[in-house]
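Undergrad: Chain by chain, the residues run as shown.
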Amino acid sequence: MKIVGLTGNDAVAEAMRQLNPDVCAAYPITPQTELMEKFASFAADGKVKTEIVLAESEHSAMSACIGASCAGGRVMTATSANGLALMWEMLYIAASYRCPIVMGVVNRALSGPINIHCDHSDSMGARDAGWIQLFSENSQEAYDNTIQAIKIAENPDVLLPVMVCLDGFITSHTVERVEVLDDEVVSRFAGEYVPKYSLLRSDRPMTFGPLDFHDYYFEHKRIQFEAMEKAKPVVRDVSERFSKLVGRPFGVLDAHKMEDAEIAVIALGSTAGTARGVVDELREQGKKVGLIKLRVFRPFPIKEIVELARGLKALAVMDRSISFGGLGGPVFGETRSACYGAGVNVPMVNYIYGLGGRDTTFEEIERLYGEMETVAREGKQVDAIRFLNVRE
Amino acid sequence: MATLKELAKRDDLLSGGHRACAGCAMTSIVRQILLVAGKDVVVGCATGCLEVTTTIFPYSAWRVPFIHTAFENVAATISGVETAYRSLRKQGVLNKEMRFIAFGGDGGTYDIGIQALSGALERGHRMLYVCYDNEAYMNTGVQRSGATPFSANTTTCPVGECSTGKPQFNKDLTAIVAAHGIPYVAQTTSAHWRDLTTKVEKALNADGPSFLNVLSPCVVGWEYPSDQTVQIAKLAVDTCFWPLYEVENGKYRLNLIPAEKKPLDEWIKRQGRFKHFYKPGGEELLAKAQAEVDRRWERLLAVSEKPQKQSK
Amino acid sequence: MSKKEPGWKDLTMSGIIEEAGNAQKFETGSWRSDRPIWDKSKCTSCLICWIYCPDSAIMLKDGKMVGIDLQHCKGCGICAAECPVKGKAIHMVPESECELV
Numbered sequence: 000m001k002i003v004g005l006t007g008n009d010a011v012a013e014a015m016r017q018l019n020p021d022v023c024a025a026y027p028i029t030p031q032t033e034l035m036e037k038f039a040s041f042a043a044d045g046k047v048k049t050e051i052v053l054a055e056s057e058h059s060a061m062s063a064c065i066g067a068s069c070a071g072g073r074v075m076t077a078t079s080a081n082g083l084a085l086m087w088e089m090l091y092i093a094a095s096y097r098c099p100i101v102m103g104v105v106n107r108a109l110s111g112p113i114n115i116h117c118d119h120s121d122s123m124g125a126r127d128a129g130w131i132q133l134f135s136e137n138s139q140e141a142y143d144n145t146i147q148a149i150k151i152a153e154n155p156d157v158l159l160p161v162m163v164c165l166d167g168f169i170t171s172h173t174v175e176r177v178e179v180l181d182d183e184v185v186s187r188f189a190g191e192y193v194p195k196y197s198l199l200r201s202d203r204p205m206t207f208g209p210l211d212f213h214d215y216y217f218e219h220k221r222i223q224f225e226a227m228e229k230a231k232p233v234v235r236d237v238s239e240r241f242s243k244l245v246g247r248p249f250g251v252l253d254a255h256k257m258e259d260a261e262i263a264v265i266a267l268g269s270t271a272g273t274a275r276g277v278v279d280e281l282r283e284q285g286k287k288v289g290l291i292k293l294r295v296f297r298p299f300p301i302k303e304i305v306e307l308a309r310g311l312k313a314l315a316v317m318d319r320s321i322s323f324g325g326l327g328g329p330v331f332g333e334t335r336s337a338c339y340g341a342g343v344n345v346p347m348v349n350y351i352y353g354l355g356g357r358d359t360t361f362e363e364i365e366r367l368y369g370e371m372e373t374v375a376r377e378g379k380q381v382d383a384i385r386f387l388n389v390r391e
Numbered sequence: 000m001a002t003l004k005e006l007a008k009r010d011d012l013l014s015g016g017h018r019a020c021a022g023c024a025m026t027s028i029v030r031q032i033l034l035v036a037g038k039d040v041v042v043g044c045a046t047g048c049l050e051v052t053t054t055i056f057p058y059s060a061w062r063v064p065f066i067h068t069a070f071e072n073v074a075a076t077i078s079g080v081e082t083a084y085r086s087l088r089k090q091g092v093l094n095k096e097m098r099f100i101a102f103g104g105d106g107g108t109y110d111i112g113i114q115a116l117s118g119a120l121e122r123g124h125r126m127l128y129v130c131y132d133n134e135a136y137m138n139t140g141v142q143r144s145g146a147t148p149f150s151a152n153t154t155t156c157p158v159g160e161c162s163t164g165k166p167q168f169n170k171d172l173t174a175i176v177a178a179h180g181i182p183y184v185a186q187t188t189s190a191h192w193r194d195l196t197t198k199v200e201k202a203l204n205a206d207g208p209s210f211l212n213v214l215s216p217c218v219v220g221w222e223y224p225s226d227q228t229v230q231i232a233k234l235a236v237d238t239c240f241w242p243l244y245e246v247e248n249g250k251y252r253l254n255l256i257p258a259e260k261k262p263l264d265e266w267i268k269r270q271g272r273f274k275h276f277y278k279p280g281g282e283e284l285l286a287k288a289q290a291e292v293d294r295r296w297e298r299l300l301a302v303s304e305k306p307q308k309q310s311k
Numbered sequence: 000m001s002k003k004e005p006g007w008k009d010l011t012m013s014g015i016i017e018e019a020g021n022a023q024k025f026e027t028g029s030w031r032s033d034r035p036i037w038d039k040s041k042c043t044s045c046l047i048c049w050i051y052c053p054d055s056a057i058m059l060k061d062g063k064m065v066g067i068d069l070q071h072c073k074g075c076g077i078c079a080a081e082c083p084v085k086g087k088a089i090h091m092v093p094e095s096e097c098e099l100v
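Chains as they are written, first to last, in numbering that gives the first Met the number 0: chain A, 0 to 391; chain L, 0 to 311; chain R, 0 to 100.
Note that these hints are calculated values from the structure, not bench results. Keep in mind it's a predicted model, so treat the numbers as computed, not measured. A couple of the hints might just be wrong.
What the hints assert, rightly or not - Distance windows between CB atoms, simulated:
1) 179/L <-> 362/A: 53 to 59 Å
2) 304/L <-> 113/A: 32 to 38 Å
3) 5/R <-> 341/A: 34 to 40 Å
4) 111/A <-> 178/L: 32 to 38 Å
5) 45/R <-> 278/L: 37 to 43 Å
6) 224/A <-> 278/L: 54 to 60 Å
7) 5/R <-> 91/L: 35 to 41 Å
Unchecked claim - Some, not all, of what chain R presents toward chain L, calculated at C-beta under 7 Å:
8) 21
9) 23
10) 25
11) 27
12) 46
13) 50
14) 56
15) 80
Where a beta carbon is used, it is the ideal one built from N, C-alpha and C, also for glycine.
With the hints as constraints, model all of the structure from the sequences given.
TA: Here it is, written out as structure tokens:
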């Protein structure tokens, strides 16, 4: 193990180098560009065995990833925002063809207006595409998540693609301290990919991607649903094994000072880091507050969330994306639905924040906790959706 | 170049029992290509007639590895397969020699798939891309495409009181592909087996991307009796609407110069999609269509090497 | 539905078809309105019908024509139209005039 200073983009590229995929097909987009540049330089220096396809669009990049994956290769790629949006059609196909592709998603706002900075509207929009989604708080976690992602994706019971999300610029372009494992340790942890099927087996020719009518499509979707169900224990198992490897705790979520908390916030990505600092300060003031950092959004950790929400007096859910005409952002929708189903009726508020890279400071999150104290005191459901730091 | 007797000794790699229409040229094109390619290939297919008729779950007509992912991306999908092959070969994981063939209809090639095609050609993947060109979106019910000929009747540019069918000429895709400077580009039809199989062999031996634009008459969309599929394709060549030619390392070569260039009318009149050509005002359409065929033919003559022997 | 269709647990993931060319089991011969009748005595096994058949329905043995696969032949008539033999070795006859096979 060595300690180095890496940006989030560097950290993912470094993990990709160690995982040494057979094929990487990608297209540049801000803020993912440096990630692929870095990886391309590894390939140019012969540090990986990877064949790179520099596609003419993200749609073709993902199409090539699917082709390479169906040919039995370990496949990785990365994108952001509009690039992910252009892949949309193929995201569903990658998941339904059970391609264990790992993709770094450097989160950026979707147009329009065009904006290159961080929010989660890109990956949240793809939440029903059938991909497993891991969110990273910082460069370290982007690195850790990428290594775990391959292990989860290529598990024979799972065989689903995984998005490793990291916050555009905030994480992708900030140099942070990262513990990097030895190359052999990573390759031993990841193991070899043994494909279940391969197009290159011309001695055993098979048809990939047939036409399904109403008589079979539904059953095939049911199989896919089951794969995501099976991913739940696999994600937990891989987290535990990785924890042992690095000596740092990993779970589907990180419950910070939640044991006796009365007020909690759910956040994902870099904001969780800021919120953790706020919690620590408020705890010093004697306030019973906590933080739930979601690391895995798909499959959604229903049981874990419900257990933590039970007994709270108020819960704020932070969404760095917006859902128009619905009941709040995607994290809020899932959380409230999970709690309702379990009979946990905690007053809950959805905070939409940070769209298009709007800075979310320590003080604002502190204010948010303050507002939640009022909600806890009143003890009833309030107006569910609030906007943090938008000018009136 | 194999004779029919030699080809007949090989395995037919597309089974019967697929759901293509009676008289469809497309599946005979595929059969001919696979006879040359053999079993060590991976076939990619764009969404379209070929994919939907040959792979209705739980049945597949393909006796070779096959992948379909979407409509506009077969060139990209197969470039991923080819890249994985190269990677695994380089690593010594795989030792056998394989070929990669992408099939797309004219919709998936001329229109929605042209970007992915262009990108794959520019990147230089060693693959053969075959466009089976039936000149409209036949799978979904004869909507016009970039390949639909001038004044053909389709369901989205129907002939009506104020319309004489498609107002534009068909896109010259073969020339567009040739402009990429890839090693081998050719045009042929379903009905010239010797020409088609020879070109497939050349294409598969090319060291880089190759492309075949194969005219594929469609009983339903072109409106002619199902037993005339071969004749209609031959007339397209004899009228010079669809010349047989190839571009090998940049050199244009005409493979057939009809001894007598037949009037376009002989091809047009056999197809229901052009029946308004024979109503009042139709002469003008015919003249315009003929003039464009002549213009393209003259251009081709000017840039091409001539074949050694002319057809009778 | 007469027979029980397989449940989701019995199916391959993502609908991969593991058996190559199993479309052979699907009968398309019932689509036919005209049937090709082959006259063996006239046939020269030139293989023109075979190369242009869209349905792989011209049956060969050792490179020679041995018959027509009526399970799959859709009756398009290309074989009869293209037969170069004088007087034709294949004729199309309406199904209604054919004896049941």
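Undergrad: May I ask you to test the interface hint for residue 23/R with respect to chain L, counting a Cβ-Cβ separation under 7 Å as satisfied?
TA: holds, 4 Å
Undergrad: Does the Cβ-Cβ separation between residue 304/L and residue 113/A fall within 32 to 38 Å?
TA: Distance hint for residue 304/L, residue 113/A is violated at roughly 51 Å.
Undergrad: Under 7 Å is the threshold here; is the Cβ of residue 27/R close enough to any Cβ of chain L for the hint to stand?
TA: holds, 6 Å
Undergrad: For the restraint on residue 56/R, tell me whether the closest CB of chain L is nearer than 7 Å.
TA: holds, 6 Å
Undergrad: Does residue 50/R pass the interface hint, meaning its C-beta sits closer than 7 Å to a C-beta of chain L?
TA: Status holds, d = 5 Å.
Undergrad: Should the hint that residue 179/L and residue 362/A are 53 to 59 Å apart at their CB atoms be regarded as holding?
TA: holds, 57 Å
Undergrad: Given the range 54 to 60 Å, decide if the beta-carbon distance of residue 224/A to residue 278/L lies inside it.
TA: holds, 57 Å
Undergrad: Do the beta carbons of residue 5/R and residue 341/A sit within 34 to 40 Å of each other?
TA: Holds, at about 35 Å.
Undergrad: Was the hint right that residue 21/R lines chain L, CB cutoff 7 Å?
TA: holds, 5 Å
Undergrad: Are residue 25/R and chain L close enough, Cβ to Cβ, to be under 7 Å, as the hint says?
TA: Hint holds; residue 25/R Cβ to chain L Cβ min 4 Å, cut 7 Å.
Undergrad: Using the Cβ atoms, figure out if residue 45/R sits within 37 to 43 Å of residue 278/L.
TA: holds, 41 Å
Undergrad: A closest beta-carbon separation below 7 Å is what the hint needs, so does residue 80/R meet it against chain L?
TA: With a minimum Cβ separation of about 4 Å from chain L (threshold 7 Å), the hint on residue 80/R holds.
Figure legend: structure checked against the earlier numbered hints; the only hint not met is number 2.
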